[in-house]
Structures are given as C-alpha cells and as structure tokens.
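Number of protein chains: 2
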Amino acid sequence: MVICLMASLLLVGSVSAKDSEIEKDTFSVIHSRKSVKSFTGASVSIENLDKIIRAGMAAPTAVNKQPWSFVVVTERKQLDALAAGLSNARGINKAGAVIIVCAEPEKANLHSKDFAIIDASLASENILLATEAMGLGGHWIASYPYEDKMKHVRTVLGIPTDVIPLNVILVGVPTGEDKPKDKYQKDKIHWGKW
Amino acid sequence: MVICLMASLLLVGSVSAKDSEIEKDTFSVIHSRKSVKSFTGASVSIENLDKIIRAGMAAPTAVNKQPWSFVVVTERKQLDALAAGLSNARGINKAGAVIIVCAEPEKANLHSKDFAIIDASLASENILLATEAMGLGGHWIASYPYEDKMKHVRTVLGIPTDVIPLNVILVGVPTGEDKPKDKYQKDKIHWGKW
Numbered sequence: 001m002v003i004c005l006m007a008s009l010l011l012v013g014s015v016s017a018k019d020s021e022i023e024k025d026t027f028s029v030i031h032s033r034k035s036v037k038s039f040t041g042a043s044v045s046i047e048n049l050d051k052i053i054r055a056g057m058a059a060p061t062a063v064n065k066q067p068w069s070f071v072v073v074t075e076r077k078q079l080d081a082l083a084a085g086l087s088n089a090r091g092i093n094k095a096g097a098v099i100i101v102c103a104e105p106e107k108a109n110l111h112s113k114d115f116a117i118i119d120a121s122l123a124s125e126n127i128l129l130a131t132e133a134m135g136l137g138g139h140w141i142a143s144y145p146y147e148d149k150m151k152h153v154r155t156v157l158g159i160p161t162d163v164i165p166l167n168v169i170l171v172g173v174p175t176g177e178d179k180p181k182d183k184y185q186k187d188k189i190h191w192g193k194w
Numbered sequence: 001m002v003i004c005l006m007a008s009l010l011l012v013g014s015v016s017a018k019d020s021e022i023e024k025d026t027f028s029v030i031h032s033r034k035s036v037k038s039f040t041g042a043s044v045s046i047e048n049l050d051k052i053i054r055a056g057m058a059a060p061t062a063v064n065k066q067p068w069s070f071v072v073v074t075e076r077k078q079l080d081a082l083a084a085g086l087s088n089a090r091g092i093n094k095a096g097a098v099i100i101v102c103a104e105p106e107k108a109n110l111h112s113k114d115f116a117i118i119d120a121s122l123a124s125e126n127i128l129l130a131t132e133a134m135g136l137g138g139h140w141i142a143s144y145p146y147e148d149k150m151k152h153v154r155t156v157l158g159i160p161t162d163v164i165p166l167n168v169i170l171v172g173v174p175t176g177e178d179k180p181k182d183k184y185q186k187d188k189i190h191w192g193k194w
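Chains C and D, in that order, are what the protein sequence lines are.
Counting from 1, one number per residue, gives the positions in the first sequence under the working numbering.
Counting from 1, one number per residue, gives the positions in the second sequence under the working numbering.
Calculated from the structure, these hints are not laboratory results.
Watch out, some of these pointers could steer you wrong.
Pairs count within a copy or across copies, as identical chains cannot be separated in the list.
To be verified - Straight-line Cα separation of at most 20 Å, EDC-like style, residue types lysine to aspartate or glutamate; simulated pairs: (1) Lys-37 <-> Glu-47; (2) Lys-113 <-> Glu-147; (3) Lys-24 <-> Asp-162; (4) Lys-188 <-> Glu-106; (5) Lys-193 <-> Glu-75; (6) Lys-186 <-> Asp-148; (7) Lys-24 <-> Asp-114; (8) Lys-107 <-> Glu-47; (9) Lys-181 <-> Glu-147; (10) Lys-24 <-> Asp-178; (11) Lys-107 <-> Asp-148; (12) Lys-77 <-> Asp-114; (13) Lys-34 <-> Asp-178; (14) Lys-37 <-> Glu-177; (15) Lys-181 <-> Glu-106; (16) Lys-34 <-> Asp-148; (17) Lys-94 <-> Asp-80; (18) Lys-107 <-> Asp-178.
Work the whole structure out from these sequences, hints included.
Below you can see the structure in the form of structure tokens.
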C-alpha cells in the first residue's frame, strides 16, 4: 500500500511538473497580468524573448496582413539611451529587456494606419499575457501617439520614419510588489442594446 | 499491483479534470486561437458571456482610464439586423452572440481617440483569447474605421455618436472547420537595432 501511494504520488507529481512547464491557465493569467514597475534587474533569455514574440505574432490582423515588426533590446547601454527620451519609462533601469512593437501602415489592410495600430496593439496584448504566463513581468510604455517619443525611439534604434514604434514594452523579472487590479464594472456591459 | 495502478490512474484522472475546469494553458490558447467563421448555431450562456467580457476588462489601459463599454447581443432578430449592414460579417447567422467593444475617447487618457482605440483593442484581444480558452470560437468583424459600418451599428444598438463601435465580435460554438495559422516570421524580429 505504501509503494502504491508512492507510485500514485510520483505519477501525480509528474503531471503537475508537465502542467507547470506548459505554463499557467489563460483566465488566471489574464486576471493576474499587471503593469510591472518593479523589476529585480535580472536578465531575460533570448529563448524566452523569442517565445514571447512568437505569441505576439499569433494575434489576428485585418485581412491577415501582419503589418508589424519587433525590435528587442537587451544591452544596458541601449536601454539607458532609450530611457533618456522616455519620461514615462519608470522601471526600465531594472528591466531585463524591452520589446518595441512596430506598426507598419504600408503593409496593413488598405494601407491604413488605423488597422496597423490595432493589429500591433493585439500583438502587444499577447506579448503582455505571454510575459505574465512565464512568470515574468511586462509594462507597456507609450511611444505612439507622442511625436517626440516616437522620434527618440526611431533615432536610438534606427527605425524607418514610415514605421510607427507603438510602444516600448518592459520585460523583466518582477520583484512581486506590483499587484493586479480588479477592473470589472457591471454597468459597462449593455445587454441587448446600449 | 492492479489496485495500485487503478489508484494511480484515479489520482491522475482527478488532476486532469481539475486542470480542464480551470481552462487551458495560455500559450496553447494563444496559438490555437483562430478567426472562426463556421459555427454550429448553438447559443452561448449569459454566464459565459459575462466571464468573457470580464476578461476583456482585465486588459491594461493608458493611465488606467478604462475608456470602454460592451454591448452584447444574443437575440436572432437583432443579430440579423446587425448583419444587414455588415457585408464582412460572414458566420453571424450561426453565431450564438456578438459582443461590440466600444471605445470612448471622452473617457480616455488626454481624451485621445488613439488611446481609446488601443485600449479597446487590448480588451478585444482578451475577449478573443477568453473565448478560445472556453472552447468557443470568436471572430473580430471590423466596424471601425468604416464610417458606414459604424453608423449602422450605432443605429441598430442605440450607441451614442461620440462612442466608437470598434468591432462586432462573433462568439459561438465552432464546428471545428476553422484552423489556426502559424504566422511566426523570424525576419520580423530585429535584435538590438532595426
């Protein structure tokens, strides 16, 4: 009976380990995602960053145009250069990396800036959720629609002028200080009609 | 030994059942999400729709302004009225419900239409992922930026003129015909610099 119990626990143990490897469930990740401002300063691996951006590229786009590109920065010197022109980038000094999600109107449905921005936004939300799912922290720092911030990001990273650097997403190991907010408001849902 | 194996299987079985209840893991949901055009015609419960929209409201917004509202339609007559002005709403005849995610510039950071559209887009992506996580199918039908489609949606649902009906998201039980696309493109990632 003891052996039996041990065998059972081993099996259960292995299932749990596998589940943990394939990451957390969707609803708990959606509701535990928060804008992380406090990072430990630890780095994020290239492999993890690639996995996060791969999730970004799984987002839908209008007429499947995928009008986006992604710039990834991990070097401290370059992160500091970005920070110099982004007054809103609190936490970047301890982030392990940043991902700049770029919208490309020329590649979008109807060459529309509107569609490019929406499509790049959906990719960005996937990136934030993937980051949370891996136990990392993310934070969308706005570049668009601020002309000065976009110009700065373009200059530091060599981004062409017809490409829109939508945001600078901080990615890093969270200290655990930042907590999610419950933003559910029943009266924001209209059933049947406005 | 037979009893031992049975006990092990029972324990493993119960773990799996629990995992299934708390929904699927984030990465598999992100990568299995697809735009569903083929629905069975089955209805979607109010409880599930509320859970899906709750996930939408967990998305981040600029300066936490949450400049959004959601209109939910489940009545066939109203769905048909919406379909009449949406040439792009393939599949709506068999969808169980639609969710219209509305952007409210007046409530957004800096009263900016840009931020309102981005924030409502992030909520919409959460809605699409939550739908997939529940084993349902979703499909973003564009309303914005088409003036004629927005006008039609506003008229059918009584949405104020200063509110932007961003999309009409079909929600329903998928037949299983629609499959996800692998959209990963390595050359869309720029490491270090554009």
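- Message: Regarding Lys-37 and Glu-177, is the shortest C-alpha distance of 20 Å or less found within a copy, between copies, in both, or in neither?
- Response: Result: close within a single copy only, 9 Å intra versus 42 Å inter.
- Query: 20 Å Cα cut-off: does Lys-24 pair with Asp-178 within a copy, between copies, both or neither?
  - Reply: within (19 Å within a copy, 25 Å between copies)
- Tell me, please, which holds for Lys-181 and Glu-147 at an alpha-carbon limit of 20 Å: within, between, both or neither? neither (30 Å within a copy, 35 Å between copies)
- Message: Please sort Lys-94 with Asp-80 into within, between, both or neither, judging by C-alpha distance up to 20 Å.
- Response: within (10 Å within a copy, 53 Å between copies)
- Message: Please sort Lys-188 with Glu-106 into within, between, both or neither, judging by C-alpha distance up to 20 Å.
- Response: between (35 Å within a copy, 15 Å between copies)
- Item | Intra/inter-copy verdict for Lys-34 and Asp-178 if alpha-carbon distance must be at most 20 Å | within (7 Å within a copy, 32 Å between copies)
- Query: How would you label the pair Lys-107, Glu-47 (within, between, both, or neither) given a Cα cut-off of 20 Å?
  - Reply: Classified as neither; 27 Å inside a copy, 39 Å across copies.
- Evaluate Lys-24 and Asp-114 at a C-alpha cut-off of 20 Å and name the case that applies: within, between, both or neither. Cα proximity of Lys-24 and Asp-114: none, with 33 Å in one copy and 32 Å across.
- How would you label the pair Lys-34, Asp-148 (within, between, both, or neither) given a Cα cut-off of 20 Å? neither (27 Å within a copy, 37 Å between copies)
- Task: Please work out whether the CA atoms of Lys-181 and Glu-106 approach to 20 Å or closer within one copy, between two copies, in both situations, or in neither?
- Result: Answer is neither: 37 Å inside a copy and 22 Å across each miss the 20 Å cutoff.
- Message: Please sort Lys-37 with Glu-47 into within, between, both or neither, judging by C-alpha distance up to 20 Å.
- Response: Result: close neither inside a copy nor across copies, 23 Å intra and 34 Å inter.
- State whether the alpha carbon distance between Lys-24 and Asp-162 is at most 20 Å within one copy, between copies, both, or neither. Neither: 38 Å inside a copy, 39 Å across copies.
The structure is inconsistent with the numbered hints 1, 3, 6, 7, 8, 9, 11, 12, 15, 16 and 18, although it conforms to all the rest.
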